[in-house]
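Required output: the full structure, derived from the provided sequences and hints.
Listed here are the chains, written in short residue letters.
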Amino acid sequence: MYHPMKKYLFLTILCAVLLAPLNAFADGMQRERTRMVRDQLQARGISHRATLEAMRTVPRHLYVPGAQRRFAYDDRPLAIGYGQTISQPFIVGYMTELVNPRDNHKVLEIGTGSGYQAAVLGEIVDQVYTIEIIRELGTQARQRLESQYDNVHVKIADGYYGWEEHAPFDAIVVTAAAEHIPPPLIDQLKEGGKMIIPVGSPFQTQQLMLVEKKEDGELTTRGLMPVRFVPFERGE
Amino acid sequence: MEGSAKQASTRLIISLGLYSAAIIAFQLGLMQLISIVQWHHFAYMIISIAMLGFGASGTLLALARERLINASKWLVPVLMSTSGLFMMVTFHLTRMEFFRFDVYLLFVESSQFPILAANYIIYFIPFFTGALAIGIIFIKYSSQIGTYYFANLVGSGIGGLLVLLLLSRLMPQQVPAVVGIFAVMAALVMLTPVRRILQLVTAGLSLVIALVLISRPGDIPISEYKDLARTMNLPEAEIVHSQPDIHGFIEVASSPALRFAPALSLSYTGDVPVKKNIYVNGDYYGVIPDYIPGQTEHILDQTTQKLPWVVGQKERVLMLNAGEGAPLAHAFSHRAGHIDAVIPNRGVVSIMQNEFAEASGRLFLHDSLEIHQVEPRNFLASGAKGSYDLVILPQQDAFGGTAGINALQENYTMTIESFRLMWNHLAQDGFIAVSTWSDYPSRTSLKLLATLVATLEDNGISNPEDHIAAIRSWGTISFVMKKSPLTSAEAGKIREFCREKFFDPLLLPEIRTEERQQFNMLDDEEFFVYVDRIMEGDHSFLQDYGFMIDPATDDKPYFAQFLRIGNLGKMSDLFGQDQVPFLELGYLIVVVTLVQSTILAVLFILLPLFRIRKSHRGKGGTLFYFGALGVGYMFVEIILIQRFVLYFGEPVFALSAVISTMLIASGIGSLTSNRLPATPATISGMGMLVALLLLGYTFFLTPILQWSIAAPLVAKITLALLLIGVPAFFKGMMFPFGIRYLSGYDKSQVPWAYGIDGSVSVISTSLATLIAVEAGFMVVMAVAVCCYTLAFATFAMHRRVFR
Numbered sequence: 032m033y034h035p036m037k038k039y040l041f042l043t044i045l046c047a048v049l050l051a052p053l054n055a056f057a058d059g060m061q062r063e064r065t066r067m068v069r070d071q072l073q074a075r076g077i078s079h080r081a082t083l084e085a086m087r088t089v090p091r092h093l094y095v096p097g098a099q100r101r102f103a104y105d106d107r108p109l110a111i112g113y114g115q116t117i118s119q120p121f122i123v124g125y126m127t128e129l130v131n132p133r134d135n136h137k138v139l140e141i142g143t144g145s146g147y148q149a150a151v152l153g154e155i156v157d158q159v160y161t162i163e164i165i166r167e168l169g170t171q172a173r174q175r176l177e178s179q180y181d182n183v184h185v186k187i188a189d190g191y192y193g194w195e196e197h198a199p200f201d202a203i204v205v206t207a208a209a210e211h212i213p214p215p216l217i218d219q220l221k222e223g224g225k226m227i228i229p230v231g232s233p234f235q236t237q238q239l240m241l242v243e244k245k246e247d248g249e250l251t252t253r254g255l256m257p258v259r260f261v262p263f264e265r266g267e
Numbered sequence: 004m005e006g007s008a009k010q011a012s013t014r015l016i017i018s019l020g021l022y023s024a025a026i027i028a029f030q031l032g033l034m035q036l037i038s039i040v041q042w043h044h045f046a047y048m049i050i051s052i053a054m055l056g057f058g059a060s061g062t063l064l065a066l067a068r069e070r071l072i073n074a075s076k077w078l079v080p081v082l083m084s085t086s087g088l089f090m091m092v093t094f095h096l097t098r099m100e101f102f103r104f105d106v107y108l109l110f111v112e113s114s115q116f117p118i119l120a121a122n123y124i125i126y127f128i129p130f131f132t133g134a135l136a137i138g139i140i141f142i143k144y145s146s147q148i149g150t151y152y153f154a155n156l157v158g159s160g161i162g163g164l165l166v167l168l169l170l171s172r173l174m175p176q177q178v179p180a181v182v183g184i185f186a187v188m189a190a191l192v193m194l195t196p197v198r199r200i201l202q203l204v205t206a207g208l209s210l211v212i213a214l215v216l217i218s219r220p221g222d223i224p225i226s227e228y229k230d231l232a233r234t235m236n237l238p239e240a241e242i243v244h245s246q247p248d249i250h251g252f253i254e255v256a257s258s259p260a261l262r263f264a265p266a267l268s269l270s271y272t273g274d275v276p277v278k279k280n281i282y283v284n285g286d287y288y289g290v291i292p293d294y295i296p297g298q299t300e301h302i303l304d305q306t307t308q309k310l311p312w313v314v315g316q317k318e319r320v321l322m323l324n325a326g327e328g329a330p331l332a333h334a335f336s337h338r339a340g341h342i343d344a345v346i347p348n349r350g351v352v353s354i355m356q357n358e359f360a361e362a363s364g365r366l367f368l369h370d371s372l373e374i375h376q377v378e379p380r381n382f383l384a385s386g387a388k389g390s391y392d393l394v395i396l397p398q399q400d401a402f403g404g405t406a407g408i409n410a411l412q413e414n415y416t417m418t419i420e421s422f423r424l425m426w427n428h429l430a431q432d433g434f435i436a437v438s439t440w441s442d443y444p445s446r447t448s449l450k451l452l453a454t455l456v457a458t459l460e461d462n463g464i465s466n467p468e469d470h471i472a473a474i475r476s477w478g479t480i481s482f483v484m485k486k487s488p489l490t491s492a493e494a495g496k497i498r499e500f501c502r503e504k505f506f507d508p509l510l511l512p513e514i515r516t517e518e519r520q521q522f523n524m525l526d527d528e529e530f531f532v533y534v535d536r537i538m539e540g541d542h543s544f545l546q547d548y549g550f551m552i553d554p555a556t557d558d559k560p561y562f563a564q565f566l567r568i569g570n571l572g573k574m575s576d577l578f579g580q581d582q583v584p585f586l587e588l589g590y591l592i593v594v595v596t597l598v599q600s601t602i603l604a605v606l607f608i609l610l611p612l613f614r615i616r617k618s619h620r621g622k623g624g625t626l627f628y629f630g631a632l633g634v635g636y637m638f639v640e641i642i643l644i645q646r647f648v649l650y651f652g653e654p655v656f657a658l659s660a661v662i663s664t665m666l667i668a669s670g671i672g673s674l675t676s677n678r679l680p681a682t683p684a685t686i687s688g689m690g691m692l693v694a695l696l697l698l699g700y701t702f703f704l705t706p707i708l709q710w711s712i713a714a715p716l717v718a719k720i721t722l723a724l725l726l727i728g729v730p731a732f733f734k735g736m737m738f739p740f741g742i743r744y745l746s747g748y749d750k751s752q753v754p755w756a757y758g759i760d761g762s763v764s765v766i767s768t769s770l771a772t773l774i775a776v777e778a779g780f781m782v783v784m785a786v787a788v789c790c791y792t793l794a795f796a797t798f799a800m801h802r803r804v805f806r
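One line per chain: the protein sequences are Z and R, in this order.
Going by the working numbering, 97 is the number at position 66 of the first sequence; the sequence numbering is gapless.
Going by the working numbering, 417 is the number at position 414 of the second sequence; the sequence numbering is gapless.
There could be a bad hint or two in this list.
Stated by the list, open to error - In silico BS3-like links for lysine-lysine, alpha-carbon gap of 27 Å or less:
| no. | chain 1 | residue 1 | chain 2 | residue 2 |
| --- | --- | --- | --- | --- |
| 1 | Z | K245 | Z | K137 |
| 2 | Z | K186 | R | K279 |
| 3 | Z | K186 | Z | K137 |
| 4 | Z | K245 | R | K496 |
| 5 | Z | K137 | Z | K221 |
| 6 | Z | K221 | Z | K245 |
Hint data in this document are derived by calculation from the structure and do not stem from the laboratory.
Put into structure tokens, the structure is as follows:
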């Protein structure tokens with residue numbers, strides 16, 4: 032005799048069977064992230080708790096092109112098209128730690144790219160404003176970010192002008208560095224705020240530059256070595 | 004191919020000459036085209052593998068000699084047409100999505116390897132089919148090799164000149180189709196009655212395709228990592244001008260987001276000007292300056308490049324490699340009285356004086372500007388008059404680094420000999436100024452400083468701290484070196500400028516440690532220790548540093564080459580294996596080229612050739628003789644190109660002139676060789692003569708060229724023809740001598756000799772570059788001498804060698 036419960040039981044089993052691989056995949060990715068944070072970030076000295084937690088949470092594999100997904104948690108940058116890359120996980124973590132983000136902060140990012148850095152910041156701070164100049168990348172990143180985060184705002188525009196309506200910012204992360212730092216960005220950085228800029232070719236971050244705006248408006252910079260790059264010594 | 008094998012056919016000679024012109028023009032045109040899509044070194048890597056087609060054709064000839072020669076009447080024209088057809092389509096095939104390859108991704112994505120292999124195969128086909136056609140002719144008529152080798156060499160020489168003409172008139176992507184027509188014409192010249200329809204169909208099909216490709220050349224799909232591709236990603240970006248030119252394909256792009264302000268001061272609050280950018284072969288070249296006559300401010304005043312102008316006005320200024328107009332406009336804004344600007348790229352000068360004359364405020368037509376369209380070294384040695392208050396060199400390196408793409412680019416402007424000449428052209432209180440982007444680990448800035456200090460040492464100045472000043476921003480370092488000691492007033496002005504712009508002094512007379520990091524701090528403070536050790540003249544430091552930072556010389560003119568090959572392991576430990584390629588991409592690509600071409604040549608050409616010959620009789624002699632000729636010829640060609648580029652100051656013309664003169668002179672030598680007997684005594688005598696001539700060149704060529712560099716052009720050309728032509732004439736006899744000797748001794752070894760020569764020539768090109776980088780051009784020449792000595796010895800001891 033047919034019992035209505037049998038239908039639900041059947042559906043439950045069917046769902047479990049169908050979703051099992053997805054759950055396993057999600058678990059696998061979570062393990063990858065945990066390993067990434069432990070081996071690539073903590074092992075190299077990154078200790079900012081909120082940064083580590085955010086990078087354990089954000090599914091990096093969703094921010095890389097399909098063909099690259101299996102390499103998403105590798106210790107290296109990946110190509111995302113248009114001559115751009117998604118930075119190596121360590122660099123994302125290091126840059127995030129350096130601006131010392133807090134939950135009440137408002138952060139501007141120049142160069143959304145894949146959207147991964149904005150997502151990591153979105154896990155930590157109050158509001159993230161991110162600008163991408165390449166329309167195709169900006170559109171993809173907007174779809175990814177605005178469905179996941181209501182505190183991350185994407186604009187497709189020239190980052191030179193910053194985002195004046197929401198200025199000043201506690202921190203500015205310039206992931207797509209140009210050969211000059213636009214004066215409007217300096218202007219939109221809060222006094223006491225920090226700006227971080229990676230300097231290098233597409234697959235190599237040689238150095239990070241931290242710009243600090245003091246309370247009196249004076250600006251200083253600091254050339255930082257990524258931690259994995261121990262001080263360069265003589266060849267002897 | 005009618006007629007007796009003993010009588011050279013005029014049609015065959017014309018056909019061979021025409022085809023040889025086509026294949027050389029194709030090789031050089033393709034080099035230019037791939038350089039636009041990717042980079043110069045990658046073009047070199049692809050073509051070196053493709054050129055192994057010459058070696059591989061030797062293998063096939065050795066395997067199926069009789070059958071190929073029997074079919075030669077119809078096969079040679081069909082092969083030439085097929086080669087022509089593939090010359091036309093290969094580049095267009097590689098534009099297809101499936102074959103799209105990017106050298107930047109080679110070291111990060113394994114999926115690039117099969118695509119690279121597919122590219123190799125595509126480019127291999129036209130060279131293989133063409134080389135097979137030439138090889139069949141050489142072997143069939145080996146007793147008259149002198150005549151056919153003459154046609155081959157003279158045709159190649161003309162092809163080298165032909166491509167210059169084509170590149171200056173056509174879009175680069177049209178060139179392969181045009182040279183393909185020459186190959187098809189070569190086939191038609193020797194049309195034979197056997198299988199005439201097949202010959203006509205392949206030729207006709209090729210011509211139809213050529214016409215389609217010339218009328219619809221399509222775009223050049225440049226790498227997404229090239230400067231131009233990045234620019235074209237910007238909003239409203241467009242190419243506003245493009246122009247073929249022998250110095251490279253010139254394009255001018257505009258976008259409202261293209262701004263020019265290299266390492267702008269953080270104290271600047273004004274607008275950053277939007278500029279159009281100039282690109283040559285897709286690489287950033289400079290900006291179109293929007294000069295306003297009478298202007299007294301310039302955006303470069305907000306950068307460290309203002310340093311030479313901070314210390315006072317300069318009346319007479321010399322700008323070397325001043326293709327980028329911005330420093331020129333900057334100098335005029337500081338009321339420079341007269342500027343000599345040395346700009347080798349004629350195409351850029353032309354667009355600045357014509358198409359963009361008004362947009363650039365007629366800057367390049369300024370009354371006080373004299374433009375010299377030669378290489379800087381040539382100007383310094385022969386054209387510079389009087390003494391300058393300021394010599395300005397172009398900014399070195401690039402923001403974020405160049406990943407070593409230019410590592411093996413010879414740069415005679417940045418050698419120690421060049422700095423000596425600049426010094427001699429300075430007025431008593433004159434300055435040399437040069438800026439660089441900061442890099443990490445520090446390389447360019449340290450090498451620049453080492454070069455400045457060495458220049459002072461050469462001039463007997465042992466207190467460089469009184470003559471060199473340097474300032475540092477967040478992104479750049481600018482140096483000035485003064486002929487007389489810097490005054491305290493000048494030092495004061497520099498300090499004040501630094502305070503105003505948030506820059507830091509790096510080197511000044513009596514500088515204090517705390518002054519060096521007021522605004523721009525460095526985590527790795529060792530940089531300052533390195534700077535001080537160089538200033539102290541610590542030569543051991545230069546030798547021990549992890550990168551090569553000792554000054555470049557004319558013998559090793561690789562200013563942008565920093566890699567010490569022995570340090571690769573340490574670099575890998577320090578930066579991670581995946582990062583190392585991007586420190587010195589250019590150098591590593593040449594190493595990869597050498598390794599892969601050697602492996603492929605040994606595996607697929609030389610080993611099979613060894614295996615298929617059952618008898619070992621004379622093999623060693625053939626290998627030594629033709630191997631030595633292949634290496635020796637290429638090494639001498641590479642050295643002469645380098646020396647005459649410096650001599651004439653016109654790289655593109657010098658390169659073509661050297662190659663064409665060498666090939667034509669060798670061709671005449673080859674023709675002359677018909678009149679001499681190919682006996683061991685003649686051959687060994689010729690080997691000894693060439694070795695002695697080259698030995699003389701090792702020691703006397705550079706002094707002769709230095710002595711005559713300021714001579715009138717006619718005298719220089721005559722001397723160059725003699726210096727290039729004489730050894731080339733004798734060298735040209737040696738290949739046909741060897742082939743004739745072999746055909747009398749053991750005819751079946753002739754294809755083998757052809758294969759060895761083809762393979763070794765390819766390997767030796769990258770080998771010569773690496774030897775030049777590591778040991779200098781003198782050593783390359785010494786190796787060439789050894790090669791011809793080996794060739795001499797092979798025949799001097801022929802009884803033992805050819806047992």
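Hint-by-hint comparison with the structure:
no.: 1; hint: K245(Z) with K137(Z); verdict: holds (18 Å)
no.: 2; hint: K186(Z) with K279(R); verdict: holds (25 Å)
no.: 3; hint: K186(Z) with K137(Z); verdict: holds (15 Å)
no.: 4; hint: K245(Z) with K496(R); verdict: holds (26 Å)
no.: 5; hint: K137(Z) with K221(Z); verdict: holds (10 Å)
no.: 6; hint: K221(Z) with K245(Z); verdict: holds (9 Å)
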